[in-house]
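**Student:** Turn these sequences into a full structure, and let the hints steer you where they fit.
Protein chains in written order, with my numbering: chain F, 1 to 180; chain V, 1001 to 1691; chain R, 2001 to 2268.
Bear in mind the hints are in silico, worked out from the structure with no lab data behind them. There may be inaccurate statements among the hints.
Stated by the list, open to error - So the derived list for chain V, only partly shown, Cβ under 10 Å to chain R, looks like this:
| id | residue |
| --- | --- |
| 1 | 1063 |
| 2 | 1074 |
| 3 | 1213 |
| 4 | 1215 |
| 5 | 1221 |
| 6 | 1225 |
| 7 | 1226 |
| 8 | 1317 |
Quick caveat: nothing in here was measured; it's all calculated off a predicted structure. Ideal placement from N, C-alpha and C gives every residue a C-beta, glycine not left out.
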Amino acid sequence: MHLRRHIPLLVALIANNILWLILTELNHYLSVWSLYILTPALFVLYPALNLSYRKGLLVSLLTGLLQDSALPLSSNGFFTLALPTLHLITFRLRDKLHREGGLDTVLLLQVVNLITLMVLTALLSPSQLGGLSAHLLALILQILLSQLVILVTGNYFLGLQRRLGKVFFKEVREEEAPAT
Amino acid sequence: MSAVKKDPSFIWRIATLTGICGIFFTILFACLGLRQFVERKEYREKEERQTKRRILQPAPRGEIHDRDGRLLVGNQSRHSAVIYLEQIRKEFRSQYLEDVRDIRALREPIRKGMTHAQVKEHLGLFDRHHEDESSVTLTYNKYLKVVFENSVVARTSVSSSDLQWEARLKVVRRYLEQVNKIIGRSETISRKKFERHFNRKLLLPFTLVPKLTAEEYARLLDQLPLDSPVQIFTDSTRFYPYHSAASHTLGYVVFSEVDDEAEEIEGHNLKTFRLKGKQGKTGLELSFNDQLDGTPGGEIWRVDPMGFQFELEKKQLPTFGQSMQTSLDIDLQMLAEEQITHKKAAVVALDVKTGEVLALASKPDYNLNDLTPYISTKVYRRIESEGGWLPRATQGLYPPGSTFKILTTIAAMRQGQVHNETDFECKGVELIGINREEFRCHNPRGHLAIKIQRALALSCNTYFYHYGVRTGIDHISTEARRFGLHTSTGIELPHETRRMLIPDKEWKKVRIGEPWRPGDTANSAIGQGYILVTPLQMACFTASVARGETLTKPTILRVPDTQRSNINHGGEPIGLSKEQTQQIFQGMEKAVQFGTAQLCKIPGIRIAAKTGTAQVKDSDRNSPTFGQKLTLAWFIGFAPVEKPSIAIAICVEGTDPNDNYQGGTTAAPIARNLFWTYFAKKSQQQLTQTP
Amino acid sequence: MLFLAWALLPIPLKKAVRNGFHEFQVPSWEALSWGRDLQNFWAGRANRHSELISQGRDLARLNGAFRLQVMENESLRQELQRMEALLDLPPRPRYRYEVARVTHRQIGTWWHEMVVRKGRDDGITEGNGVVYAGGVVGKVQKVYEGTSIVRLVTSPGFRMPATLHGQTQPLFIQGLQHGSIGKPTGRVRNVPISSNVTPENPGYLVSTSLGQVFPNGLHIGKVEHLEQSSNGLFREGTVQFPSELYNLNEVAILVPLPSTTKTALKRN
Chain F
1 MHLRRHIPLL
11 VALIANNILW
21 LILTELNHYL
31 SVWSLYILTP
41 ALFVLYPALN
51 LSYRKGLLVS
61 LLTGLLQDSA
71 LPLSSNGFFT
81 LALPTLHLIT
91 FRLRDKLHRE
101 GGLDTVLLLQ
111 VVNLITLMVL
121 TALLSPSQLG
131 GLSAHLLALI
141 LQILLSQLVI
151 LVTGNYFLGL
161 QRRLGKVFFK
171 EVREEEAPAT
Chain V
1001 MSAVKKDPSF
1011 IWRIATLTGI
1021 CGIFFTILFA
1031 CLGLRQFVER
1041 KEYREKEERQ
1051 TKRRILQPAP
1061 RGEIHDRDGR
1071 LLVGNQSRHS
1081 AVIYLEQIRK
1091 EFRSQYLEDV
1101 RDIRALREPI
1111 RKGMTHAQVK
1121 EHLGLFDRHH
1131 EDESSVTLTY
1141 NKYLKVVFEN
1151 SVVARTSVSS
1161 SDLQWEARLK
1171 VVRRYLEQVN
1181 KIIGRSETIS
1191 RKKFERHFNR
1201 KLLLPFTLVP
1211 KLTAEEYARL
1221 LDQLPLDSPV
1231 QIFTDSTRFY
1241 PYHSAASHTL
1251 GYVVFSEVDD
1261 EAEEIEGHNL
1271 KTFRLKGKQG
1281 KTGLELSFND
1291 QLDGTPGGEI
1301 WRVDPMGFQF
1311 ELEKKQLPTF
1321 GQSMQTSLDI
1331 DLQMLAEEQI
1341 THKKAAVVAL
1351 DVKTGEVLAL
1361 ASKPDYNLND
1371 LTPYISTKVY
1381 RRIESEGGWL
1391 PRATQGLYPP
1401 GSTFKILTTI
1411 AAMRQGQVHN
1421 ETDFECKGVE
1431 LIGINREEFR
1441 CHNPRGHLAI
1451 KIQRALALSC
1461 NTYFYHYGVR
1471 TGIDHISTEA
1481 RRFGLHTSTG
1491 IELPHETRRM
1501 LIPDKEWKKV
1511 RIGEPWRPGD
1521 TANSAIGQGY
1531 ILVTPLQMAC
1541 FTASVARGET
1551 LTKPTILRVP
1561 DTQRSNINHG
1571 GEPIGLSKEQ
1581 TQQIFQGMEK
1591 AVQFGTAQLC
1601 KIPGIRIAAK
1611 TGTAQVKDSD
1621 RNSPTFGQKL
1631 TLAWFIGFAP
1641 VEKPSIAIAI
1651 CVEGTDPNDN
1661 YQGGTTAAPI
1671 ARNLFWTYFA
1681 KKSQQQLTQT
1691 P
Chain R
2001 MLFLAWALLP
2011 IPLKKAVRNG
2021 FHEFQVPSWE
2031 ALSWGRDLQN
2041 FWAGRANRHS
2051 ELISQGRDLA
2061 RLNGAFRLQV
2071 MENESLRQEL
2081 QRMEALLDLP
2091 PRPRYRYEVA
2101 RVTHRQIGTW
2111 WHEMVVRKGR
2121 DDGITEGNGV
2131 VYAGGVVGKV
2141 QKVYEGTSIV
2151 RLVTSPGFRM
2161 PATLHGQTQP
2171 LFIQGLQHGS
2181 IGKPTGRVRN
2191 VPISSNVTPE
2201 NPGYLVSTSL
2211 GQVFPNGLHI
2221 GKVEHLEQSS
2231 NGLFREGTVQ
2241 FPSELYNLNE
2251 VAILVPLPST
2261 TKTALKRN
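**Tutor:** Here's what the structure looks like:
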């Protein structure tokens, strides 16, 4: 019984891990065109909309650590902090959103993902990037591609996670106030 | 309240007070207005002076090329490992705090009234001991001072300034250690050097390791992180691909501060840090310093109160100095130098028509690469002991010996003393003056019946004693002056000597206090006695004779092809008839065919030459041969006789009284090789130019 | 709170967490990589026998040619050793080539790195050079037990010494990702002022052993145009790296042989 309560958490973690692996593989193939897709917002949607605050935070924190350990050192703990922050934002808005996904969640995903990628770009100093203006086109293309992936897969991925959760556990939307 | 209001004295007092306040406020606002609006500019400048700093960066100097465009002097990069101090400020601070913590922990157990033994128990042995009348101060762990009065602790103190310096130094040394580890050196830095840099040049990077080798440079590039405060700083030094070739002519540079007089760089009123630039010290580097020197670059930085870099406000890149093309032919130059290696000598080769210097060699000389980036005392002394600093071609003064006979001939011909068919009987000795002083020919048996051509070819002394005396010193010296032998040539090289001497009666009277004697004229006629000229002057003289003019203005700069046909050397025609000129030319040509200059003969090329052997007393007090007689071997000549294009003057100094140097045997073979190379190259060029 | 906690977390602990999570992911990456290899294997199996036979024959010819070259190289190497001994030259750095499969590549605007399937267990250390058949790939940035992260030469922030083919004066190359997508570029700086290159006669950049990371002469890229640097002392230009760099599946890591790692620097 005790274990069953953690099934949504496990589902979220495993799903995030699998999504991350798929993205890694996708990026491997995209590297031929020096393109890289990042969808941080996608990883926090299910935990923020369907798990309690603590569990959601744990999932986003662990996913952030996972991503940071796989990404180059230049990201320097960025996702460890970014994903919990995104989680907090989404969690605060979850009462106004469709928890099973909808146009509102797609819009939210687009906005928070875009902001996160822009912050990441700004944090990697221009000297590290070799002058921002010099590769603006590639950067825009990369961000657009990431946004497109979210647009296409966002609701599908959320639905998949919810369905998996349902299979093993009756749907519960855990209510808990976020720590301030 | 109303009573107070009605009290007139009160109202008066209030009014007075208000008035005074009003006046003060008016003054205050007036002053404020004055400061804000009227003196705004002045305060703004003050603010700028306090918060802005300027860095001046030298520009790379222009290059020097030979007449064919080959690089004679270029720039070579010099790398050093430097540390940017503003990037390690935080480390300075944290190291200082750490040190303070350590020293406080050390100080903690020391209480007033403790004895020395008790202190020793806590702190161990002291580093320094200072004693005055009333107290003893012991220093522990460098910075903790414990003052003992009446053998017990009176107070303790920590030298915070010292601690701060030491903390900074520790951080910098840590980075130096990192660099040393990468490149395998064991460089150290002293606190004095670091303090000096910190106090005076904080805005500039601090050099950790100067002069990195290519390998060290590559290792640092590979192993230093891009964002490390240690970076590789690159500046330029002069680079001489031909090492010692034309060293006196090209000259060298010394460090100098970047000149900020140039109006292009803003911020003259700001505190300025200057990176070391270069300035020509000798040779062309000095003469054309303004041209070779580029426009320095500058940066204006906003600094924080400590003087560390805060924000770059303006940056102006330095611009390259202009390059220049010399008239030197490096092949000829190197050959000339090779021919006189291990000798004290000078060789000058001129283009007869333009006066362009093709070669200007002086030996001993120095390797220019040894003088860059600076001249070490050891190198300086070595060059000095070898006599290498003196550019003999332009500053060496020598009696011209028999080469002067050409001038004597011209003077005699112009005075009608020597004609084409003038016969003379050389008996090996000539008696001169009332005292019948004997003047001997170099051939003791005499040359017997001799005419001007043979006299020149065989360099008969008695012939020139005889006709020199008949011509008179006045005419000889006047002729020498006409040819400009009394003055410097005006070549674009610095410090050309002005002490050349063409003696006359007046000179001897004034300088020696004796009357001129016929013997003096005889000596002068064969280029001995008081006459002193430089090899460059003799080369100009030769070129002038070859062209039939009195003056040749030598130049070290390549004359553009468009200007080659209309060069005015400022002289006049010599004033000899065509036949007279032919007599001289033939005399000189015969010297090559069967006379004294035979060793410079080259089949197929008509060379006119005159050799000379002079004797001088060594006047160098530092020389082991001081006061002894040394020989000088001279050669002057031009070719081809039918259309002269090159004139050469060579002077080789004997360094030992036993040296049997002679113009014909010592200098002529050198000239032969130069003529050979010159004409071989010329024919090759003609071949390549012919389609 | 989280920001504060992360900021206050000691660096060794952060490193340990990072390493732990990295190692956690390694098996899945390897599985993916093996999966790709398997995919290639089955793709190979799909070839017809006749095709395989003809490819085998071509391969045998190539092998024959290479065998001859190996023999020639061996005799040249011995000749070189004799010359070096005669001239008393310091020994050149020698390396062991550790061939490694690429588990995955991470190349985009933000980073240029790849993870390879060799790590500390195979003697790899941080800073080792990484090469492939076409030249230089980059350097090992971080080493884990069985994997390493390789920073590509195109990576912004990567710097290495090099020389222009036929010259000896060291210059340096810096990664700089811009230009057309999929066309790796960088900057070459400190090129001697006398060097001249044109699109018709480009300068080829090769590695130098001076930095003790790569051997001499490995191809890095080419430069077609050089302009004067800002300080006027050098020239600089844009390097075009080979585009295969972004499509590598196998690389070799240069592990310096112990006898030569402590070679004393020859001071001028």
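**Student:** Each hint needs a verdict: does it hold in this structure or not?
**Tutor:** Hint check:
no., hint, in the structure
1, 1063, "9 Å, holds"
2, 1074, "8 Å, holds"
3, 1213, "5 Å, holds"
4, 1215, "5 Å, holds"
5, 1221, "4 Å, holds"
6, 1225, "8 Å, holds"
7, 1226, "5 Å, holds"
8, 1317, "5 Å, holds"
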